[in-house]
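So the protein lines, in turn, are chains S and R.
Each residue of the first sequence is one higher than the last, beginning at 0 in numbering that gives the first Met the number 0.
Each residue of the second sequence is one higher than the last, beginning at 0 in numbering that gives the first Met the number 0.
Hints may be right or wrong, so weigh each one.
What the hints assert, rightly or not - Between beta-carbon pairs, the in silico distance windows are:
1) 160(R) / 81(S): 20 to 30 Å
2) 51(S) / 37(R): 41 to 51 Å
3) 165(R) / 50(S): 42 to 52 Å
4) 223(R) / 48(S): 36 to 46 Å
5) 101(S) / 273(R): 18 to 28 Å
6) 223(R) / 82(S): 36 to 46 Å
7) 66(R) / 82(S): 30 to 40 Å
8) 97(R) / 50(S): 46 to 56 Å
9) 255(R) / 81(S): 43 to 53 Å
10) 97(S) / 165(R): 18 to 28 Å
Source of the hints: derived by calculation from the structure; they are not laboratory data.
Just so it is clear, CB atoms sit at the ideal spot from N, CA and C, and this is done for glycine as well.
As a plain string of letters, each chain reads:
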Amino acid sequence: MSAPTPPDGAPAEPGGRPHNPRIGRQRYLVRFLQLLLVVTFGLAVASLVAPTEEARTLGLALAALLIAVPLVRVAWLVVRWTGRRDWRFVGAGIGLLAVIGIGVAAVH
Amino acid sequence: MNDLPPDAALVALSLATALVGTLGGVGGAIILVPVLILLGADPRIAAPLGILSVAAGSLAAAPRQLREGVVHHRLGVTLEITASAGAILGAVLGDVVPGSVLSRFLAAVAIVSAVAGARRKGIRNRPDVTFAEEAPGEWPGTLGGSYRLGEEIVPYQARNVPLGLAAMSGAGLVAGLAGVGGGFIKTPVMSEVMKVPVKVASATTTFTAGITSSASLLVFAGQGRVDYRAGAAVVAGGLVGGVLGAAVQARLDPQVARKVLSALLVFIGVLLAVRG
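Next comes chain S alone, as it looks inside the complex (with noise of 0.2 Å):
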């Protein structure tokens, strides 16, 4: 099997720099995702042990982060790919996050 090569034409840094995408490019993301991590399992346990009616509060906020983690992803991507250029990427991300959106609505 042939290697693959790295796409070619990626553009420079400010100060001429070649770009290179992949250092530290998600930092912001990993620490928003342990962020939210702590945030779920406190939710979790949360509505273990308060009284019914809160209980049901906190797992519907539960469930509601669970919902939104990974849309909120998605969109951080098309946002990042956009600045990017990634065109044919950007158009991927719009289009998964409209089948979900068409898709639920047209269900309700």
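Given chain S's structure and the hints, the job is docking chain R onto it.
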């Protein structure tokens, strides 16, 4: 028939299934949902609980996988277009299909998952010195990239994308219908059909499982099928079980873990099929 175990038992069950599922590399939902049904839960209620467990597992694994640079976001987003459509359709069908049919479907899913897990293969792509100086990750504008294997860098390029997209719609359908992550379909499809390295395929599957879960949960919530308090118990147990499983996994032979899990899934699948 809608007898969910008490909260403490649900936490323990979710913790145990997530731990065992993580050891076997398939996640906890594939064991959790059949066991809940065997304990008397309505499959229509058990499926959303399984999907909540998948969503929590996807979130828990994300920071580590992102740091390792093994998630291919472009591939995941592309494949999720058909997978999410399939998941929405599956969640809709799950509300109209009789519970006994759902139980038997889940039995078949558990047995197929057991076979897929037992047959899982190792490394296909090999290290290439050309990429030794490169930071691992996906290549912008493509479905290719590289990942770190020990001290070396391994390049790869996804192939057979149309076939992969078709297969992912089936994986999404199974996820929405049965309340499982569908990783036992997604990872082999990416690895065997699309020629993506297993490590990247597995991490990308975890990312996509979160999106499939979102799509399914949105439908389940609209159908009023989500038991939020039970869901919290499943998520709490699942997160702890997933973390413990990942810690224990490093000390176990993955082949042995997969075979034990496969045997367990066959047992659960047969039991579920017999009891209907």
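*Look at the Cβ atoms of residue 255(R) and residue 81(S) and judge whether their distance stays inside 43 to 53 Å.*
Taking Cβ atoms as reference, residue 255(R) and residue 81(S) lie about 46 Å apart, which means the hint holds.
*asked:* The hint says 36 to 46 Å between residue 223(R) and residue 48(S); measuring C-beta to C-beta, is that right?
replied: 25 Å, violated
*For the pair residue 101(S) and residue 273(R), does the Cβ-Cβ distance stay inside 18 to 28 Å?*
41 Å, violated
*Would you say the C-beta atoms of residue 66(R) and residue 82(S) sit inside 30 to 40 Å of each other?*
22 Å, violated
*residue 160(R) versus residue 81(S) beta-carbon gap, inside 20 to 30 Å or not*: 22 Å, holds
*With 41 to 51 Å as the target window, see if residue 51(S) and residue 37(R) comply at their CB atoms.*
27 Å, violated
_A range of 42 to 52 Å was offered for this pair. Does it hold for the Cβ distance of residue 165(R) and residue 50(S)?_
Roughly 48 Å apart at Cβ, these two residues keep to the hinted range, so it holds.
*Should the hint that residue 97(R) and residue 50(S) are 46 to 56 Å apart at their CB atoms be regarded as holding?*
Violated, since residue 97(R) and residue 50(S) (Cβ atoms, about 36 Å apart) do not stay within the stated range.
*That 18 to 28 Å hint for residue 97(S) and residue 165(R) (C-beta), does it hold up?*
Holds - the Cβ-Cβ distance for residue 97(S) and residue 165(R), about 20 Å, lies within 18 to 28 Å.
*asked:* For the hint 36 to 46 Å, verify it against the beta carbon of residue 223(R) and that of residue 82(S).
replied: 40 Å, holds
Of the numbered hints given earlier, the model fails hints 2, 4, 5, 7 and 8; all others are met.
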